[in-house]
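*Asks:* Chains as they are written, first to last, in my numbering: chain A, 869 to 950; chain B, 869 to 950; chain C, 67 to 217; chain D, 67 to 217.
Each hint should be verified, as a subset may be incorrect.
Claimed, not checked - Calculated lysine to any residue pairs in the SDA-like style (CA-CA distance at most 20 Å, straight line):
| no. | chain 1 | residue 1 | chain 2 | residue 2 |
| --- | --- | --- | --- | --- |
| 1 | D | Lys128 | D | Asp83 |
| 2 | D | Lys87 | D | Lys108 |
| 3 | C | Lys87 | D | Lys160 |
| 4 | C | Lys194 | D | Gln93 |
| 5 | A | Lys871 | A | Asn934 |
| 6 | D | Lys160 | D | Asp91 |
| 7 | C | Lys202 | C | Gln169 |
| 8 | C | Lys160 | D | Lys128 |
| 9 | D | Lys160 | C | Val196 |
| 10 | B | Lys871 | B | Gln927 |
| 11 | D | Lys87 | C | Gln94 |
| 12 | D | Lys194 | D | Thr209 |
| 13 | D | Lys108 | D | Thr209 |
| 14 | D | Lys87 | C | Lys202 |
| 15 | D | Lys160 | D | Asn68 |
| 16 | D | Lys194 | D | Gly144 |
| 17 | C | Lys194 | A | Asn934 |
| 18 | D | Lys194 | C | Asn80 |
| 19 | D | Lys87 | C | Glu84 |
| 20 | D | Lys194 | B | Gln927 |
| 21 | C | Lys194 | C | Lys87 |
| 22 | A | Lys932 | A | Leu882 |
| 23 | D | Lys213 | C | Lys87 |
| 24 | C | Lys87 | D | Asp83 |
| 25 | C | Lys194 | A | Lys871 |
| 26 | D | Lys213 | B | Ser885 |
| 27 | A | Lys932 | A | Gln910 |
As the list claims (entries may be wrong) - Cβ pair distances, simulated, as ranges:
| no. | chain 1 | residue 1 | chain 2 | residue 2 | range |
| --- | --- | --- | --- | --- | --- |
| 28 | B | Asp890 | D | Leu154 | 31 to 41 Å |
| 29 | C | Arg136 | B | Gln910 | 26 to 36 Å |
| 30 | C | Gln169 | D | Ala214 | 35 to 45 Å |
| 31 | C | Glu159 | B | Thr896 | 12 to 22 Å |
| 32 | B | Gln910 | D | Glu201 | 19 to 29 Å |
| 33 | C | Gly153 | D | Gln93 | 18 to 28 Å |
| 34 | C | Ser205 | D | Cys197 | 13 to 23 Å |
No wet-lab data here; the hints were simulated from the structure. Built from N, CA and C at the ideal position, the CB exists for glycine as well.
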Amino acid sequence: MIKVSFFAALREQLNCSELNLDIALPLTVAQVKAALISQQPQWAGSFNNVLLLSAVNHQMVDDKYNVNDGDQVAFFPPVTGG
Amino acid sequence: MIKVSFFAALREQLNCSELNLDIALPLTVAQVKAALISQQPQWAGSFNNVLLLSAVNHQMVDDKYNVNDGDQVAFFPPVTGG
Amino acid sequence: MNDVSISIQEHDFNFADELEKLEQDNQQDGAVVSFLGRVRNKNLGQQVTALFLEHYPQMTEKSLQQIVQRAQQRWQLGRICIIHRVGLLAVGEKIVMVAVTSQHRSDAFEATQFIMDFLKVEAPFWKKEVCEEGEKWLSPNQTDVDKAAQW
Amino acid sequence: MNDVSISIQEHDFNFADELEKLEQDNQQDGAVVSFLGRVRNKNLGQQVTALFLEHYPQMTEKSLQQIVQRAQQRWQLGRICIIHRVGLLAVGEKIVMVAVTSQHRSDAFEATQFIMDFLKVEAPFWKKEVCEEGEKWLSPNQTDVDKAAQW
């Protein structure tokens with residue numbers, strides 16, 4: 869089980885800020901995205917955006933990063949603070 | 869006639885902050901220095917310092933700059949503000 | 067005081083008070099460089115009425131701490147203060163301040179710029195612009211991406 | 067207010083008030099970068115008790131104006147404030163502040179640094195350090211000379 873969070877424009881597109889994903893782990897970040905799309909096919913467009921950023925346990929990671937049980941995963945658009 | 873001012877360490881070395889120099893003009897800045905040294909030979913050491921800066925009418929100039937009647941000439945060490 | 071102070075907050079801050087804290091009992095650092103960012107009234111030619119700032123609470127401070135640590139490894143720094151606001155901010159309101167003290171002016175300048183450059187591309191904040199015509203999430207600026215890449 | 071404010075003064079200044087002035091009725095400039103320089107308690111390892119700042123009154127402001135004009139030609143700047151104190155200053159007292167507003171953060175950063183770098187090598191100010199052992203005029207720092215040459 870992992871907790872998955874979404875922020876900003878992505879959160880609004882998905883109309884979801886957080887969900888629990890009960891799935892066999894470990895998986896790569898890319899595989900987590902694929903699992904989300906297979907559960908919610910209408911999310912495919914948002915997740916296929918090449919600019920989408922991923923964080924695991926509050927650290928930016930790439931698509932090949934391994935996600936383990938209990939990890940906190942987050943997806944969000946490029947940041948625009950400051 | 870030109871007014872000549874001295875600042876900071878140079879002012880203290882010469883023990884003079886300002887003097888009027890009655891002399892035939894135009895002269896270059898280098899010639900003004902030479903004229904000052906000829907009037908006050910003990911100033912030679914201070915004026916032969918290669919780091920000495922010169923300003924005419926409040927603008928930094930080099931030794932070849934022409935000084936005219938009524939100009940305000942100043943000599944000082946490298947600046948250290950800020 | 068602690069050498070590094072990082073705060074993410076909804077409420078406004080007093081820029082002068084924060085600088086005062088950086089200088090309290092700090093007589094060795096002759097240089098203080100600071101950056102203050104405010105909500106502009108225009109963006110890409112469009113009239114802006116407000117900005118909404120979202121962030122990723124558990125990650126934001128960690129991300130800023132990592133940027134600060136990289137700056138500390140690179141330059142000789144005294145104290146560092148970062149404050150970033152979140153929530154709804156009107157035109158003219160303060161968004162962010164970064165201030166760095168150092169014994170050396172160029173260290174303070176470079177570190178402040180470094181922190182701002184990486185905050186812009188790494189820290190999980192998102193801006194939504196509120197105009198008369200509606201709301202719009204902002205896209206990152208290519209200039210910002212290039213700037214961070216230059217370090 | 068005028069876009070450029072330059073002041074050479076014996077009395078102290080309030081950093082926050084000066085920044086406030088730069089931002090009054092100024093909603094287009096989102097970025098404010100500022101530098102504040104104070105009297106350090108140590109220089110080259112020696113304990114300093116005070117600094118005496120001399121300047122060349124008629125030339126100082128003109129020199130700073132020329133530096134500002136060069137910065138304005140180079141970057142897109144909003145308002146600029148320079149305050150430099152003269153006379154006897156105790157450890158911890160403010161010596162100089164430079165603040166620049168701009169629509170672009172990097173313009174404000176670079177212009178502030180540019181103004182400080184040239185102020186250090188062109189503006190007719192001289193520092194005399196007062197220590198327990200006596201007084202000593204300071205020599206320019208080679209780093210400062212190099213920095214100005216880099217622009």
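*Asks:* If a hint holds in the structure, say so; if it doesn't, say that too.
*Replies:* Here is how each hint holds up against the structure:
1. Lys128/D <-> Asp83/D: Cα-Cα ~24 Å, so violated.
2. Lys87/D <-> Lys108/D: violated, 33 Å
3. Lys87/C <-> Lys160/D: Distance of about 15 Å is within 20 Å: holds.
4. Lys194/C <-> Gln93/D: Judged against 20 Å, a Cα distance of about 18 Å means the pair holds.
5. Lys871/A <-> Asn934/A: Distance of about 14 Å is within 20 Å: holds.
6. Lys160/D <-> Asp91/D: With a Cα-Cα distance of about 27 Å, the restraint between Lys160/D and Asp91/D is violated, given a limit of 20 Å.
7. Lys202/C <-> Gln169/C: violated, 43 Å
8. Lys160/C <-> Lys128/D: Violated: Lys160/C and Lys128/D sit about 34 Å apart, past 20 Å.
9. Lys160/D <-> Val196/C: Outside the cut-off at roughly 40 Å; violated.
10. Lys871/B <-> Gln927/B: The hint holds at about 15 Å.
11. Lys87/D <-> Gln94/C: violated, 29 Å
12. Lys194/D <-> Thr209/D: holds, 19 Å
13. Lys108/D <-> Thr209/D: holds, 18 Å
14. Lys87/D <-> Lys202/C: At roughly 31 Å apart (the allowed maximum being 20 Å), Lys202/C and Lys87/D break the hint.
15. Lys160/D <-> Asn68/D: Not satisfied, since the Cα-Cα distance of roughly 24 Å exceeds 20 Å.
16. Lys194/D <-> Gly144/D: Roughly 34 Å between the alpha carbons, so the hint for Lys194/D and Gly144/D is violated.
17. Lys194/C <-> Asn934/A: Roughly 32 Å separates the two Cα atoms, so the pair is violated.
18. Lys194/D <-> Asn80/C: violated, 35 Å
19. Lys87/D <-> Glu84/C: holds, 18 Å
20. Lys194/D <-> Gln927/B: violated, 23 Å
21. Lys194/C <-> Lys87/C: violated, 32 Å
22. Lys932/A <-> Leu882/A: violated, 23 Å
23. Lys213/D <-> Lys87/C: With Cα atoms ~29 Å apart, Lys213/D and Lys87/C exceed 20 Å; violated.
24. Lys87/C <-> Asp83/D: holds, 17 Å
25. Lys194/C <-> Lys871/A: violated, 25 Å
26. Lys213/D <-> Ser885/B: Violated: Lys213/D and Ser885/B sit about 31 Å apart, past 20 Å.
27. Lys932/A <-> Gln910/A: The given pair, whose Cα atoms are some 24 Å apart, is violated under the 20 Å limit.
28. Asp890/B <-> Leu154/D: 31 to 41 Å: holds, 36 Å
29. Arg136/C <-> Gln910/B: 26 to 36 Å: violated, 57 Å
30. Gln169/C <-> Ala214/D: 35 to 45 Å: Given range 35 to 45 Å: violated, Cβ gap about 19 Å.
31. Glu159/C <-> Thr896/B: 12 to 22 Å: At 58 Å between Cβs, range violated.
32. Gln910/B <-> Glu201/D: 19 to 29 Å: holds, 22 Å
33. Gly153/C <-> Gln93/D: 18 to 28 Å: With Cβ atoms ~19 Å apart, the hint holds.
34. Ser205/C <-> Cys197/D: 13 to 23 Å: Hint violated: Cβ distance 56 Å, outside 13 to 23 Å.
Violated hints, listed in ascending order, are 1, 2, 6, 7, 8, 9, 11, 14, 15, 16, 17, 18, 20, 21, 22, 23, 25, 26, 27, 29, 30, 31 and 34; each of the other numbered hints is respected by the structure.
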